[in-house]
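Asker: For reference, the chains in residue letters:
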Amino acid sequence: MMEKKIMDETFTVPIGPQHPALKEPSHFRITVDGEIVTNAVVRLGYAHRGIEKAVEGRNWIQNLYMLERICGICSHIHATAYCLGVEQLAGVEVPPRAQAIRVLTAELERIHSHFLWVGVAAHEAGFDTLFMYIWRDRETVMDLLETLSGNRVNYSVNILGGVKFDINEEQADAIRKGLDYLEERTNHYLDVVSNDAMFLQRTSGIGVMTRNQAEVLGTVGPTARASNVARDVRVEAPYGAYFDYPANIVLEERGDLTARFVVRIKELFESYRLIRLILDTLPSGDLETRMPRRIKEGETVCRVEAPRGELFYFIKSNGTDMPERIKIRTPTICNMTSVVKLVIGHQLADVPMILVGIDPCFSCNDRMVILDRSDGYKQQWTWEALRQHGIDYYHEQHS
Amino acid sequence: MNTQEALKIASLLVEEWVWTTETERPEPNRLDVKLTKLDDFIPIVVGLRVQRLGYLSAITGLDLGPEVGELEVLYHFCTAAAVVTLRLRVPRDNPSVPSLCSIIPSAEPFERELREMFGVDVDKHPNPIHIYLPDDWPVDTYPLRKDFEQGTVSTAVRRGVKHDGKENNG
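Sequences listed follow chains A and B, in order.
Position in the first sequence (from 1) plus 1 gives the number in the numbering used here.
Position in the second sequence (from 1) plus 1 gives the number in the numbering used here.
If you only want the chain B side, here are some residues facing chain A, beta carbon under 10 Å, derived:
no.	residue
1	T4
2	E28
3	N30
4	G55
5	L57
6	A59
7	L75
8	A83
9	T86
10	P106
11	F111
12	E114
13	I130
14	I132
15	Y133
The set of hints was computed from the structure by calculation and includes no laboratory data.
Each residue gets a CB set at the ideal place from its N, CA and C atoms; glycine is no exception.
Model the full structure from these sequences, guided by the hints.
Answerer: Have a look at this one:
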């Protein structure tokens, strides 16, 4: 008997903006037929801060601090991309020691970011034990970053023309020791995500993206590499110290969620290797070079490999001390297309896992915070008011 | 494909096949292609895709200011370290570019951003809704244009409340 299918029996499930998968806002409209997803539309911008506009009204130095605050997880890579671009425009050569310290911090950042992601993804899969263990171990790398820079997030390593701090032998030893511990733990986690039967049920064969799909959908970073697409800016288009310390690409063929776990965990070993190599052969010399306040007219494109994939900066200068335009394209927006296409045909319950699989970072993506209280409290802080508040606060604390 | 090969193929494509372009090499790894005719745009993108130079890395909007009266849209295609940029100029009062979504699906969010931030109409876009800006964002207000003043659109304005806190009934 032929059964006539009634086409309009679909149902739209709005997910978010609160907690679609992570503790960050985004909104999805998922159309389902029973349990099966038939369409998905994404809506972002809940954390949009208008940074691309804001940078046009601030000078090159202020912008460094502004752009570093785009993302709390990969703050360093934003600052690095910006510095590399501005230095290119100014025609300034950064000393090799500074370049090496930038890369070392970038790799430490990648370690903490990947650990963070494995934890969040494990939590989404319902594997909270793994989440807690890996976040405990992540504290090791957070402590190392704090030892180096004094900060757990927004390390503020970069300045235009170099870096702020040096690494001494004591710190180097602390990093080596920390890496030994992390490497041992990483081996264990690689074993867990590739062999734990319960975990594999949530990841194996889920959200499969073929190599061709990954290419056509324009994915970047570990999401692309888990589908065997060799896209890694560190390897394809080396920048800074990656010329002297070449990175090896990590690829997986399966293209499912398991592969996305395995790629990120294997990349940790590559980061450990690079950091040890840099510590052993850190070039001597200056940490910074002089930068002009005004940048001559020009345009440049700067691409770097953030923990989530290619980060793209387009910088246009106009000869003044402020930029004409800075365009920022973060990796999450590239990978988001793959999510809305991949979820089609999957069970609704797999949607959070597929979303988390690309390691989305919405603050990166969105970039405007407006305080809006009904009691008439000042709605917006101007830059000057915020600055004055900082000065007053400092005086209060130190009087 | 390495960087030099990619740049060679791209310049052959745009210089020998489409004659109405001007090319520039602003940096060793970059090829800027200025398109003088909008009709050439889709064929060039198809050409780049066929040559597998098709990774659309980003779409940048530039406002050249009310004096010039034009907007510029930049499409960056990356292969290894090579960045091939197609540059389109559109009039500021009625800007429109064709959508790339049928050729490059990942262009969808980039084009939505271009549309809301610069007011460039993207012809035949499959999903022309806001991506970052709120649904109640005022029409014909494009924040990344040079004549947009910061702070003129607050949450209160959007809800119909004036800056002095009184209800905006008119």
